[in-house]
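Asks: Listed below are the residues making up each chain.
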Amino acid sequence: MDRGGVWLSDIFSFRGAPGTGWSQPSPILEESEVRKSIPDGISRKSLPGWPRASEPEIVRHYTWLSNRNFGIDTGFYPLGSCTMKHNPRLNERIVQLPGIDRIHPLQPESHLQGLLSIFFEMQEMLAECSGMDSVTLQPVAGAQGEFTAIRCIQEYHKSNGEENRDKVIVPDSAHGTNPASASMCGYDIVEIPSAEGGCLDLDALRAAVGDDTAAMMITNPSTLGLFEVEITEAARIVHEAGGQMYYDGANFNAIIGKTDPGRMGFDAVHYNLHKTFSQPHGGGGPGSGPIGVREHLSRFLPTPVAARKVREPEDPEGVGDGFWYFWEDVGQSSIGKVQQWHGNAGAVVRAWAFYRRYGRELELMSEHAVLNSNYLRHIIMNPDKETAEGIHCMPAEGAETELVMHEFTLSMAPLKELNGVTGKDVAKRLLDYGYMSPTLYFPQIVPECLMIEPTETESKEVLDQFASDLHSVLSEDPETVTSAPHTTIVKRVDEVWAARNLVLRHPGGDFPGQ
Amino acid sequence: MDRGGVWLSDIFSFRGAPGTGWSQPSPILEESEVRKSIPDGISRKSLPGWPRASEPEIVRHYTWLSNRNFGIDTGFYPLGSCTMKHNPRLNERIVQLPGIDRIHPLQPESHLQGLLSIFFEMQEMLAECSGMDSVTLQPVAGAQGEFTAIRCIQEYHKSNGEENRDKVIVPDSAHGTNPASASMCGYDIVEIPSAEGGCLDLDALRAAVGDDTAAMMITNPSTLGLFEVEITEAARIVHEAGGQMYYDGANFNAIIGKTDPGRMGFDAVHYNLHKTFSQPHGGGGPGSGPIGVREHLSRFLPTPVAARKVREPEDPEGVGDGFWYFWEDVGQSSIGKVQQWHGNAGAVVRAWAFYRRYGRELELMSEHAVLNSNYLRHIIMNPDKETAEGIHCMPAEGAETELVMHEFTLSMAPLKELNGVTGKDVAKRLLDYGYMSPTLYFPQIVPECLMIEPTETESKEVLDQFASDLHSVLSEDPETVTSAPHTTIVKRVDEVWAARNLVLRHPGGDFPGQ
Amino acid sequence: MVDQLPNAGREHEMLEAMGMSSMDDLFSNIPVGIRRAEPLPLPDPQSEEEIWADAQRILGSNVSLDDRPSFLSAGLSRNFVPSVVGMLATRGEFLTSYTPYQPEVSQGMLQAMWEFQTMICELVDLPISNVSMYDASTAAAEAITCAVRVNNRKALQKDIVYISSLVPPHRMSVIRNYTIGAGIEIRTIEHDDSGNLLLSSAESATGSCAVYVEQPNSLGIVDIGLTELKSIIGDETSLIVGIDAVSLGVLEPPGKWGADMVVGEGQPFGIGPTFGGPIYGIFACSEKYLRQMPGRVVGQSWDTEGSLAFTLTLSTREQHIRRHRATSNICSNETLIALMGAIHMSLLGPEGLERLALRVAASTEATKRSISRINSVELVNPESSNFREFAIRVPGSASDALLHLDSNGVIGGLDLGMWWEGMSDCILVGVDERTSEDDIAALHDGLRGWIEEVCG
Amino acid sequence: MVDQLPNAGREHEMLEAMGMSSMDDLFSNIPVGIRRAEPLPLPDPQSEEEIWADAQRILGSNVSLDDRPSFLSAGLSRNFVPSVVGMLATRGEFLTSYTPYQPEVSQGMLQAMWEFQTMICELVDLPISNVSMYDASTAAAEAITCAVRVNNRKALQKDIVYISSLVPPHRMSVIRNYTIGAGIEIRTIEHDDSGNLLLSSAESATGSCAVYVEQPNSLGIVDIGLTELKSIIGDETSLIVGIDAVSLGVLEPPGKWGADMVVGEGQPFGIGPTFGGPIYGIFACSEKYLRQMPGRVVGQSWDTEGSLAFTLTLSTREQHIRRHRATSNICSNETLIALMGAIHMSLLGPEGLERLALRVAASTEATKRSISRINSVELVNPESSNFREFAIRVPGSASDALLHLDSNGVIGGLDLGMWWEGMSDCILVGVDERTSEDDIAALHDGLRGWIEEVCG
Ligand SMILES: Cc1ncc(COP(=O)(O)O)c(C=O)c1O
Ligand SMILES: Cc1ncc(COP(=O)(O)O)c(C=O)c1O
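Chains as they are written, first to last, in the working numbering: chain A, 4 to 517; chain B, 4 to 517; chain C, 563 to 1018; chain D, 563 to 1018.
Among the hints, erroneous ones may be present.
[Unchecked claim] The list that follows gives simulated cross-link-like pairs (lysine to any residue, SDA-like), each with its CA atoms no further than 25 Å apart:
#1 LYS388(A) / ARG738(D)
#2 LYS48(A) / ILE794(D)
#3 LYS427(A) / HIS574(D)
#4 LYS170(A) / GLU945(D)
#5 LYS170(B) / SER584(C)
#6 LYS170(A) / GLU747(D)
#7 LYS39(B) / ARG931(C)
#8 LYS312(A) / GLU945(D)
#9 LYS818(D) / LYS419(A)
#10 LYS463(A) / LYS427(B)
#11 LYS312(B) / MET980(C)
#12 LYS39(A) / HIS882(D)
#13 LYS850(C) / LYS494(B)
#14 LYS494(B) / HIS489(A)
#15 LYS39(A) / GLU747(D)
#16 LYS419(A) / ILE936(D)
#17 LYS312(B) / ASP962(C)
#18 LYS818(C) / LYS494(B)
#19 LYS716(C) / ASP797(C)
#20 LYS419(A) / ASP472(A)
#21 LYS463(B) / SER584(C)
#22 LYS39(B) / GLU790(C)
#23 LYS494(B) / ASP797(C)
#24 LYS48(A) / LYS792(D)
#25 LYS494(B) / LEU11(B)
#26 LYS463(B) / MET582(C)
#27 LYS463(A) / GLU578(D)
#28 LYS427(B) / MET980(C)
#29 LYS463(B) / ALA579(C)
#30 LYS850(D) / GLU498(A)
Just so you know, the hints here were simulated from the structure itself, not pulled from any lab data. This structure is a prediction, so every number in the text was calculated from the model and none was measured.
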């Protein structure tokens, strides 16, 4: 431990006497009896080198760690494509109820009426908002949703005797999970370049489709924050070639209540409940990636899904809404399971609590998301004269457009050209100002890209301040920016050393290098 | 808001549109109907200038504030006399149960069997640990416990026709609440000086007692961390003069299971559940200050107290332990109430959960508190040779003694004499090292006093580190110490300006001086 | 319990470092004659798992206000506390701190309390607030002793204060305990048949040290006459008003009609009824009382580098400095609960407060209407305006009626006979923002059922 | 919902700044033909208060495992999670963060995950762990595809893996979905009558890409024969072992007996059964698999000033960089739940883990003894050693027996007919550390009662 400023708390430095650690009741049989039930040859010889710590030490350690971590609660988190909106705290309280926390998925339906009714309501709500016919809540993340939907599409083609369709088309601006998911299903990936301006290039698409097209995967608005105005035409092209249209729902926050993938011509879609519906996913997860599909794909969905019927007099009471809820087997054609149980139920319950706040006014959420995004873009790109004069050079727009949706991209290429300051430098410098950095270098089609998504839960004051701080960064001495961050707990971290040396676990004993 | 390092979050800077703020269901009558029920002449004209903030803004604001605050969870908190031990988190979970959080004290006893049984168990446990006969849980803090007990003693003397007893004796090392509480009861205070070495001066006591002595108030171990070995003799002296002995239980953590105020000869005692029994009291409270008294004072206690009888067949089920719990009126002589309800029940429930962890082994808690205190004192006062050589001058012991109890005092007077560094300077410098400062300048009988209480929940490693860091402070350049703190969020705060200018509320508009 | 003792199992090592050999050595200073020989007669130690199970079982045997229609209020509110309140206030940095004696590392709590003071000032319309008293009753009691300290010198009626006769006995008992030592004599001001304070009788308070009244009073009556009180009693007599904090969303704040000090229960903002504690008392006053007021106060200041900073101030009034001459003995207070209150208030915002008050007012009116339609039940004060509470007279014993309601799963209110002997046929019916039409119907039907039984 | 939208009511001001006049202007890029005309047919917006009430009512209609004696385990544990776990993991800085792309402001989560990796490595005795998979089934599935990627080139049985026939169908289904695209053929290894893997049949796996077995297997059988497996299948065939994480408090870790990869459910550490999700999958492996493994990994490094620091590493395997050539499509994972696991594991400590395992073992043994005393109930594998689960055969249909138990308030276990057709007279009885003597008696009596009814 190095004090007086930097001090590292190391969980493995807690080394109480053997036998300390969490107090528990005694086993219900004598230990010697119990030991007899464990075959000799396989009983553990030495216990794992876990810390021996008391509750006070644990509390202080993780409190200390948390204070070295940035979340939405700490400050503005404009991580494009990730929809880092506020996580309402009620939802965390709800999932502590025994009716979700202490429930086993294999309990009989009579024990699960409440959960089944929430699952059913969520399936219906998501279908409605997306213009799909059937929804499964089983996939536990967006990528798994993609994978699941592509598996369904794969079985669909198979059922039509079109196993020859072995290619999935993705635009070059697609999220990495799109090609990765399709590839895991065994598909070859056909990447098509974006048109000038970042939108889908219909000619390129026309050139790419064919007898071997299984599907096209695309998000709309695109990762540049642009609404693909020719999306129905794209769908027509793919459908005409016999392919299926897959909608990456990561950007669903932009359009709820305004339009939907069904209307755009999609056959399948995933939702990111942890983005659009605010499920917190600290450090990288948990997510929840339900999918919705049109009628013709329904019978391939993972099994089972929640269903209901009017309650018969002999049925038990249930939730009191007059229905009896049950698991419906999707049947023979179902792809089966992608997660052992019913997906991330806790995330579904949180998302349910989230959506209930808006109800039929969910579109207000999208309106504010789009309002904030356009407003922020506007004030960044239109500083007052004095500010503008102080700036070395303005970033270029990631796309030439009047209007963006819920996010937008800026290119730091002009800056880099002028004085060598890269997008990464700007991102790191923003950390000093108390922000999480925007998404960096994605989509790859925008050079030196910063992708900014403010979400609907940021106030005008925060947006104003961010714009003004970004202007400051753009007017700072390049040296200050390239050597940033300066005020964070650690300074720029050597990622190359990490990859070369691969110290992937605590060595035991003292912390390295102390 | 000033960014790039210091940035102030100001709740009154959240200024959403009128009508924002927490969503609530509608009133169950039309607003116009409701308005009619409010007399015209007294209906509010303009609403209070509260912030108009959304949940995300509130969460970020208070998260930010919390990050500017030091608690036990942040680091070592050796605030002498305050027993800043770890607060077990289970207890916070328990008080969220509706069986405590959503209970009204005026509900019928049949609704309260669980709470009454906990109250009863706590009364019994506290009586047992202190050697008292009756306990009330009504006082909500230590000071209120003192006040309550002194009121009981006052009524006791009155009932004996000894209203002439109008003086309360307190040692000069007593906590400020002792004289303040007695004074609020209308007593004159007789302060007696401590003997050489900090202990009670029996001669001074003999000189002070008389016909007019109502009571003596004293804590044992004393605020110097010393066990008053002549306490029984002191009790004899006071009793002989017709006075009552009052035990300030703030230092109860030192002696549980080892001895008790009853054995020492006390008639009344208060407990600080928020110290000894770990009730968290962020920012200064809530506390809980039950009192225990000997038989002869019982009938003066505040009313009611929890009682029980063997359950009759006609009684409802209750908690299932065979008893029926009820409120027992203390009767005619009771002083009545000191808090409107039954005291800080939530604190009582937490304290119950705390004591249940130790049960009959509660003395282990005191043993570890005393072990940690002696160990820390030992390693501070006996640095290795090299360290010792680097130190400008060692602090003096607050008391010459081989053994301390759960806390001890150090005097920085030698340092001050040598190079002008005061106790306060050392305290402030310790903040830089990541510690809360020890209690400063109390007890007043130790010059330049630092009063250190580690509690039983600090590890040996933390104590070792603290000693070593204190040694560092003692060896630092005086200038560094007198200008401390350097690494805290704000630097030394001008308390004189605050007292002269008395800016006691937000002025509205922007933050002052920004 | 070893999970709470980081040095369990390492005692020997630490003792050895000090040259000791047993834990007993540490206690050798305690004279043998007063050593405890036998172990404490307490139960076995339990693990967290077992304590949690016991707590769930034991506390689970209580009946919560949320389990059934409930009309018990009487000074505590069956409120709804937003989830963020508890989650933020129990963040360890807040939860496990103590009095911010070291402002340099306590800016968070200090600023929160300064903001709390501001919100209370805005709520009641007075310039000064402290950071909490124990509860409404001690706030009232200490306001009275404070008023006497300030006004006694010039007072014509020395050491005398006047208190509304409708202040309920448990609160009066606290006031008596707190004023007895200061030698204060308490006189009573009566109310008329509609429950309004007799202003004529209030005139006798002129020249005394203080008048303490409640608005709405304990029967829930909003007494417009109180707004004239200050002009009657004059500048040298302090007007102390006990409030229902929520009511100030629709009622003119006492600061506007002359109150010198405002006290009350903060509980509706921040914490459930929680069996009556921990809750917190509101204490606000005008400048005149600043240096004689009880409790902690936060002031704004600057640090050595000119940054805005907060610190405790006016500490010279307090016991740790002034000892027996302190303005109060209060030391540990209810700051953490006040913090919960601050978070709740800032979530509500001005219009949220107004709506909350309107909801309570609507519940009051709707319940009153429904109950007064029951034959042979009458309103005790039929002419009054009420907020949150109103009293009814039933044809028989209130406690019988409540027992009957209880057996029908309705918590019907408070037997007023518990407060005032003459009112044992009266029930204090209390509502809140969560009172529903169904709740009201349950109370209505229950009462009617009982009356049918009683009156045949 | 305005409490979630800081700019509600300020739309106009912001639109104006952009020269727009209505919210519709913002959506003018959406072609009219695909605009949604009608409002969403969803219920009215609700306040927090109403949603909470609904949630309590709706979820309150579920029966929780803690409400009654419960013997349903089958891969999820009815565990006890210490209170600090949730309180610390939901601190906003953890809760509301995301993938730590910016290490400079994410050291907390990165270090916690590095410590998590260490604890998992120590638990299973392998040198590498990632920071979580979705669950045990996807961890197993991705371990298999990873093994194929690594071993296929040298494999004699290309694209072939062998899996224990006792892997239950829902887990097998996930594995099939994940392996189908890679063209992997799955073959089965059978078990003998005592439920032990047929080592003779395992020999046929030599030269294949991988063998996947579970220890204890799905019937709770601790199969000592598995420790010989590695020497049978050889170095070029990966031994993948699915574990019960708690069992490793008493069972030798698979790393010690040759496992190349260890996968399993982390849920018993950190979170309740929570209806099967979010939970987290454990994934650990030996160095050979490092560059082909799925999921995120944290490495230690230094910052520019030489301070110790942590960062994500080996990202070049991942989808955001390698896109369709990535080792997995996993992006959002289960880190927050893994954090809960890390806190729980560090609370337990080595001896705490051991005691937890002993408690489960004791519950298993005690329940087994009690149930096997019932006439006409028999153990399916009477010779086996079991941990957490064991199978019984009842004289009649398992689902009838379970229904009978249910009507007596006992959750009796899993109808094994749901997994394997031939086992519809078998129940998988699952215990945990909290199983009490009373629970066992209730199961015993319930089963006896049913048998008396059935067998007359
Ligand atoms: C556009 C896009 N698609 C897909 C995904 C994958 O979602 P998940 O991380 O939930 O697997 C993401 C998430 O980062 C995304 O931004
Ligand atoms: C020795 C002593 N006595 C009495 C008290 C007063 O207790 P409380 O703060 O609970 O009123 C304290 C608390 O600080 C104390 O340390």
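Asks: A separate judgement is required for each hint: does it hold in the structure or not?
Replies: How the hints compare with the structure:
no.	hint	in the structure
1	LYS388(A) / ARG738(D)	62 Å, violated
2	LYS48(A) / ILE794(D)	23 Å, holds
3	LYS427(A) / HIS574(D)	35 Å, violated
4	LYS170(A) / GLU945(D)	52 Å, violated
5	LYS170(B) / SER584(C)	43 Å, violated
6	LYS170(A) / GLU747(D)	22 Å, holds
7	LYS39(B) / ARG931(C)	13 Å, holds
8	LYS312(A) / GLU945(D)	46 Å, violated
9	LYS818(D) / LYS419(A)	53 Å, violated
10	LYS463(A) / LYS427(B)	44 Å, violated
11	LYS312(B) / MET980(C)	23 Å, holds
12	LYS39(A) / HIS882(D)	50 Å, violated
13	LYS850(C) / LYS494(B)	33 Å, violated
14	LYS494(B) / HIS489(A)	20 Å, holds
15	LYS39(A) / GLU747(D)	40 Å, violated
16	LYS419(A) / ILE936(D)	79 Å, violated
17	LYS312(B) / ASP962(C)	24 Å, holds
18	LYS818(C) / LYS494(B)	40 Å, violated
19	LYS716(C) / ASP797(C)	11 Å, holds
20	LYS419(A) / ASP472(A)	19 Å, holds
21	LYS463(B) / SER584(C)	17 Å, holds
22	LYS39(B) / GLU790(C)	22 Å, holds
23	LYS494(B) / ASP797(C)	43 Å, violated
24	LYS48(A) / LYS792(D)	19 Å, holds
25	LYS494(B) / LEU11(B)	15 Å, holds
26	LYS463(B) / MET582(C)	16 Å, holds
27	LYS463(A) / GLU578(D)	13 Å, holds
28	LYS427(B) / MET980(C)	54 Å, violated
29	LYS463(B) / ALA579(C)	11 Å, holds
30	LYS850(D) / GLU498(A)	22 Å, holds
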